[in-house]
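Trainee: In order, the protein sequence lines correspond to chains L and D. Here our numbering is used: position 84 in the first sequence is 84, and no number is missing along the way. One gets our numbering by counting positions in the second sequence from 1 and adding 148 to each.
The set of hints was computed from the structure by calculation and includes no laboratory data. Check the hints yourself; a few may be wrong.
Dumping the calculated DSS-like pairs for lysine-lysine here, alpha-carbon to alpha-carbon at most 30 Å [unchecked claim]:
1. D:Lys274 <-> D:Lys199
2. L:Lys124 <-> D:Lys199
3. L:Lys124 <-> D:Lys274
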Amino acid sequence: MGGPPEISDDEVLLRRVPPARDGEVMVEPREGGGLRASSFAMLVRRGERGLSCTRLAITSPEGLLQQLSCQGMDPSGWHVCRFFVRDVQALGLQVIPDPTDIDPGHCEIRPAGRLKFAKSKSRKLARKTRILTDDEVRTLQAGGTLTD
Amino acid sequence: MISFDTSCAGAQRSSVAYTQDTPDIVASISSSEAFSREISEQPQWVRQACKNVAKLQELPPNWDSYGGEPANVSSLLVAIDLLRFLGAIAGMPEPRVGLTPDGTVGLSWDWNNGLRSLQVEVLPDKSFAYALVAEDDESAEREDETTDPSTIATLIGR
Chain L
1 MGGPPEISDD EVLLRRVPPA RDGEVMVEPR EGGGLRASSF AMLVRRGERG LSCTRLAITS
61 PEGLLQQLSC QGMDPSGWHV CRFFVRDVQA LGLQVIPDPT DIDPGHCEIR PAGRLKFAKS
121 KSRKLARKTR ILTDDEVRTL QAGGTLTD
Chain D
149 MISFDTSCAG AQRSSVAYTQ DTPDIVASIS SSEAFSREIS EQPQWVRQAC KNVAKLQELP
209 PNWDSYGGEP ANVSSLLVAI DLLRFLGAIA GMPEPRVGLT PDGTVGLSWD WNNGLRSLQV
269 EVLPDKSFAY ALVAEDDESA EREDETTDPS TIATLIGR
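So that you can see chain L by itself, here it is in the shape it has in the complex (with noise of 0.2 Å):
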């Protein structure tokens, strides 16, 4: 009682990753079909607590594509990438709520207690991301579901 909401671990999991840059590599080709986040858009800096992302449940990908207004960046070429609760979960990271004023469905994967979060866990956690096409950022905007 009185402790964060729980997050069930079927919730999809959103995360923005920069436009792809001459040479940089920010997005590659997913295992199954598709693009998924390259390990370097889901590291954390260090100091960092965890690793910055969004409850689909709360915040639509459109949604957070335009808090990118707010720090006066203009969201074309950004992309969004999904993925569950589950899958940080399996890695031993925790899903922690933390809304902001910008953005009510933000939250923090942070390794249990004091840990480090390790550069293999977020390459692992790249790996099963997803990022989700235009029609389907369209989709989800409009009240759809994800069908993957």
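Following the hints, put chain D in place on chain L, whose structure we already have.
Mentor: For chain D alone, coordinates are given in the frame of chain L:
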């Protein structure tokens, strides 16, 4: 001196003004005669990877929208040295190049259908933080730091 102008005006989009007045050290080294001579004797991928590293200098602060730092010039220079070192080793494969949120250069190699990979963060103090990821045998995984570039070379493809 770096200036970065951000503003939030609700749903209004605004442009990012970013100028980096630091000298383009990486570009000047990359275009030097000595560098060109040495690198011409190495595989084509070394030249391309060095160019890709140099281009990381163009990324503005907050390039990832999650507070990512701009490229650290020392890390870029160390990364170019590492690439030249690796390029001199026969059969060395090309790495992927990216910037980490700390502004350091990240290099990665995959093999075994992506089940194994080496993730390297090039630190400004000439050391390398690396993670050998082995999804087919987690007992083979390693995560450590080294100042010896040959350690990195021995881990690739292992």
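Trainee: Run every hint past the structure and note whether it holds.
Mentor: Hint by hint, here is what the structure shows:
1. D:Lys274 <-> D:Lys199: Holds, at roughly 19 Å.
2. L:Lys124 <-> D:Lys199: At roughly 28 Å apart (the allowed maximum being 30 Å), Lys199 of chain D and Lys124 of chain L satisfy the hint.
3. L:Lys124 <-> D:Lys274: Distance ~26 Å between Lys124 of chain L and Lys274 of chain D Cα, so the pair holds.
The earlier numbered hints are all upheld by this structure, with none contradicted.
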